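Residue numbers (my numbering), protein chains in the order written: chain A, 58 to 357; chain B, 7 to 319; chain C, 0 to 520.
There is no bait here: all hints are sound.
Not everything, but these chain B residues come out facing chain A in the computed CB check (under 10 Å):
1. I22
2. G24
3. A147
4. I149
5. L164
6. V270
Derived pair list, reagent style DSBU-like, types lysine-lysine, alpha-carbon separation capped at 35 Å:
7. K186/A x K76/B
8. K116/A x K286/A
9. K228/B x K286/A
10. K260/C x K165/B
11. K403/C x K446/C
12. K345/C x K284/C
13. K90/A x K218/B
14. K130/B x K82/A
15. K70/B x K186/A
16. K286/A x K130/B
17. K188/C x K127/C
18. K188/C x K77/C
19. K112/C x K154/C
20. K36/C x K77/C
21. K116/A x K345/C
22. K76/B x K13/B
23. K90/A x K221/B
24. K82/A x K232/B
25. K165/B x K221/C
26. K228/B x K218/B
27. K154/C x K188/C
28. K165/B x K36/C
29. K77/C x K221/C
30. K186/A x K13/B
31. K228/B x K90/A
32. K228/B x K130/B
33. K232/B x K90/A
34. K347/C x K403/C
35. K286/A x K165/B
36. K76/B x K127/C
37. K403/C x K70/B
38. K127/C x K70/B
39. K130/B x K90/A
40. K286/A x K13/B
Hints in this document: simulated from the structure, not taken from any laboratory. Keep in mind the model is a prediction, meaning the values are calculated, not measured. Ideal placement from N, C-alpha and C gives every residue a C-beta, glycine not left out.
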Amino acid sequence: MSENVTAARPSAQEPVKFKKQNQAKEIWRRFRKNRGSMVGLFMLILILLAIIFANVIVKYSAATTQNLSIKLAGPSSEHWFGTDSYGRDLFARVLYGGRTSISIAVLATISSCIVGSTLGAIAGYFGGKVDNLIMRALDIFMSVPDILFTMAVVFALGANFVNLLIALTLAYFTNYVRLVRSQILSLSDLEYIEAAKAGGASSARIILSHIFPNAMGVIIVNTTLNVAKIILYESTLSFLGLGMPPPQPEWGQILAEAREYMRSAPHMLLFPALAIILTACAVNLIGDGMRDAMDPHLKS
Amino acid sequence: MYRYIIKRILFLIPTILGVIFIILLVLNFTPGNPGRSILGVSAPQEAVDQLNQELGYNDPLMVKYVHYLKNLVVNHSFGTSYFTRQPVANEVLPRFWVTLKLSIIGIIISTLVGVPLGMLTAVKQYTAWDYIPSVLAFLLAAIPAFVLGMVLLFVFSLKLNILPSYGLNTWQCYIMPSLCMAIPITAFNIRFTKSSMLESIREDYIDTARAKGAKESTVIWKHALKNALLPVITNIGLNMGGLIMGAVVAERLFSVAGIGALIVDRIAYKDEPVIIAGTIVISITFTIIMLIVDIIYAFIDPRIRAKYTRIKG
Amino acid sequence: MKKIGALCLSLLMLVSLLAGCGSSSSSSSTTTSSSEKTLIMRAESAFTSLDPANSNNTHDIKLYDQIYEGLYGMNEAKGGYYNELAKDVQVSDDSLTYTITIRDGVTFQNGEKLTASDCAFTYERAMKNAAMNYLTTMIASVEAPNDQTFVIHMKYAYAPLAHTLFRIKILEQGEVTSQGANFGTIPNKAGTGAYYVSEYNVATGCKLSAYDNYWQGAPNIKNVEYRVLSDAAASVVAYENGELDYYEDAALSDWNSLYAKAGADHSTMVTGNNIIWMGINYASKTSTVLDNDLVRQAMFYAINKQDVNLAVTEGYGSTTDTYMVPEYVPTQPTTGFQTYSYSTEKAKSLLAQAGYPNGVDVGTILTTNSTNNSKTAQVLQNDLEAVGIHAEVQMLDVSLAVEKWNAQEFDICVYSDSGNYDFNNIRQQVHSESVGMYCINYTTGNKFNWQRIEELVALGAGTADQTQRLTYYTELWSMIMDTATILPLINRPVAIVWSTRINIGDPVPTYYKIRNFTWAA
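If we strip away everything but chain A, and leave its shape as in the complex, we get (with noise of 0.2 Å):
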């Protein structure tokens, strides 16, 4: 746990760099030491590998190709998970779909994340008004129900990718807005901060490479628990009738399409199912696994 002493020289990128490298060792190691964070990472890492390489285990037409003869038939050495309402194969729809589901939850995560901790450090860093102003706006958008924005950006715009998309990351951004201020509010206080604004490094300059790699780590334990947040808000967007157009899967449409077989056919409701909660969990427990490791309280 060598700290370099050095890194009290701002305007030299390397002792910073040093340093985090370093800090990304230790929390690697503490996170390694932590048996749940290390099966969440590990169930993580197999439905990641599963759903990349989906295509080399079943073709996508399996998922989208309807025989309605063997409709809602239950699972056997064809169909592993069994047929949906039409006919097809399920083990194939849950496994494409989870493409579609984990990557629109990770990419809304991001852009959200973008979008609010920009808003969170201007107004952090540049504070008074500006901060006010920005925080008293946000307080009113966050009063409108965000479903209302979902469904008018989707009513609007029509039910696809982009636009998903784009309604989760209105729905979603708020979160980081006050947790990277308040995150900047309590580093802008320090001296090193201070001699940069001395050395005449610009304001963009200094939110970039300085604020934002010590707030980095708060940021990514958030972002990893949003992310099976955005995964359950996906699927209660269906069951409201707002999910993807057919026939791509989605974990969220699949269920929604399963609701009425529950009794009749529980299987179709019973795959998609474990595989958000399997995916919710694994991400949950990376993320409480990160923020262990990031505690500078824990004792090692």
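We have chain A; now place chains B and C onto it with these hints.
Leaving out everything else, chains B and C in the frame of chain A:
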């Protein structure tokens, strides 16, 4: 302290102004119109247009905005619904109370169950008392809301036949919808309380207290708990706000006439007066709840209280 | 101590919030305490109004049918319209004047006698209401020369007036006028039916009480409660739990468990009076390939209607080639027209003939987001894809979809229709002057002999001779099928289950009458 409270309450006014504007703006861009929804598919377009004109739906945004505000301030009225042609207050307020009741029950359940369990898992970390609730919390937090609701419906209504499956006639009807809303929050509370407690226990001043010879139970209860509870209380307030709209799923599933389902249903009909009134009521409630939370927060933590009373000098 | 005080303050605020909750008890109060039994019925969504002139929603009309009556009634079990409040209907030779003798001895729920002036009042009121336009547009004027006689003057001869006489429910003039603008928002006694509304809450439903002076005799069931139960899956549970007495249009996906619970004596599946059809907009500006007759025919041959049947009705329904259900519509032609039986070879060869041997993109299938329509759309998309025809699916809210259809701003549509008892109903879809919904405009580009189509519609409406009408309609329907623009797909059955507490008489698919129900011994 009181000046702070008053400032917060006064901020409701720009909030409401902003909320009405945002909703009108957002709905301006969504397609559809109330006239068609009311008259049905077989009505001629001219009749639909005429009805829209009568309802005031075709007015430009700012006209609607001013008109709505005038109605609110001068007549103390939320206006008339485009869809049912009945006073909005008659529709929105009863349904709001229903959702509020469910949310309060949900919050009480999730707090009374989640927080103590969370504390338990923190204090007895790495034992069975930790693993079992934690794993359960993880699983329950990851179940989609309507799957949970349907499982409850089938288990308690169908198989066990002990709870009614819809409506709100008897007190038993409140159980399942509140549970459906409360369970994910309970799971969250368990995990959040646990991490908050753990953080608090590991603070340096706890070691100091131990070093000074204080009993372990005193250490936990007097010192760690107080600090751990602060973020937990804030979260309760935030959860409450999210709960009200999160009730949509439970309301739809159990056919409860709540405000979440009302707003969501009326978006397709572009019933602006109802959507605006519903959102205003929700945001007022949310503000009041956050205010209560902040007051509690201030009185528990002297540092925060000092910040608020600084003005008195 | 200050802390405790503050805590108390906040708790007080919370409690006052809760206390506010207590002040407004829900109006759907308990029924179980009364010794009189109450029939529990399901409302699949809120009833937006108690004014029968305000809604064309089938689900609202089902309620109105218990409360109000028209000059004609509807008996789905025995083939159609019958005299209800009308004792006798005389049509003039030129078919422009209807002279109706009103039944005597009928009273409204508020005690007033039914007279012809109530009929005149009701019809004039309906004629001013845009929602009723499609039912009243052919009426020039009405009058009530005396208490027993009601006269309708037509603008033109219109044989299917029966539907109007059924749908316009006679209201008591005094009650409607005195309630004024509130009529429809509060309970009223302005109908002649066997029940009147005693409690009404838009959000939760309504309660009906029996009108014991009903002209056909007091009904056996005295108390009815309609409860809003929007979720189909929850309705199944409610029925099996004993919380719902009569569940019609039950979810077919749960038919097995419903049947197991209800048994053969308390369940039935009736042929529904509905149709789902696929429409192609040959004049679509966004998908010009649809102008090609061969392409459209190929699309029709590619559709496996049995697949649609399996997807939408679990196989309990039936495929169909007719625009309306012959069982309910005697004037529906059943032979003498093209049917496009499923054949992927034929589809592919037509496609190749049209110049697209490797497939073609035909645009978007636009439909509403109701379950049945969206399932149909998905099956269509899949069947088309199987022969190389690519289409997207778009689902919109009904009001949005309808506006696009009316403006012919779509490529392909999935349309569902129901409750028709006369083939003249096709006028709404094929006549350019029809008011309201039509999806395909046959006059565009003069591609089809639309003049003859409209002529046949008028001829069919102009005569009361059923054989003659069938001849006209056979030619008409054959012409439409030749255009390859409308393809009837399936007909859904209506599953009905009811509790052992009641007997329901003859089951009907849509317009049940609670006054025919009785408590089981």
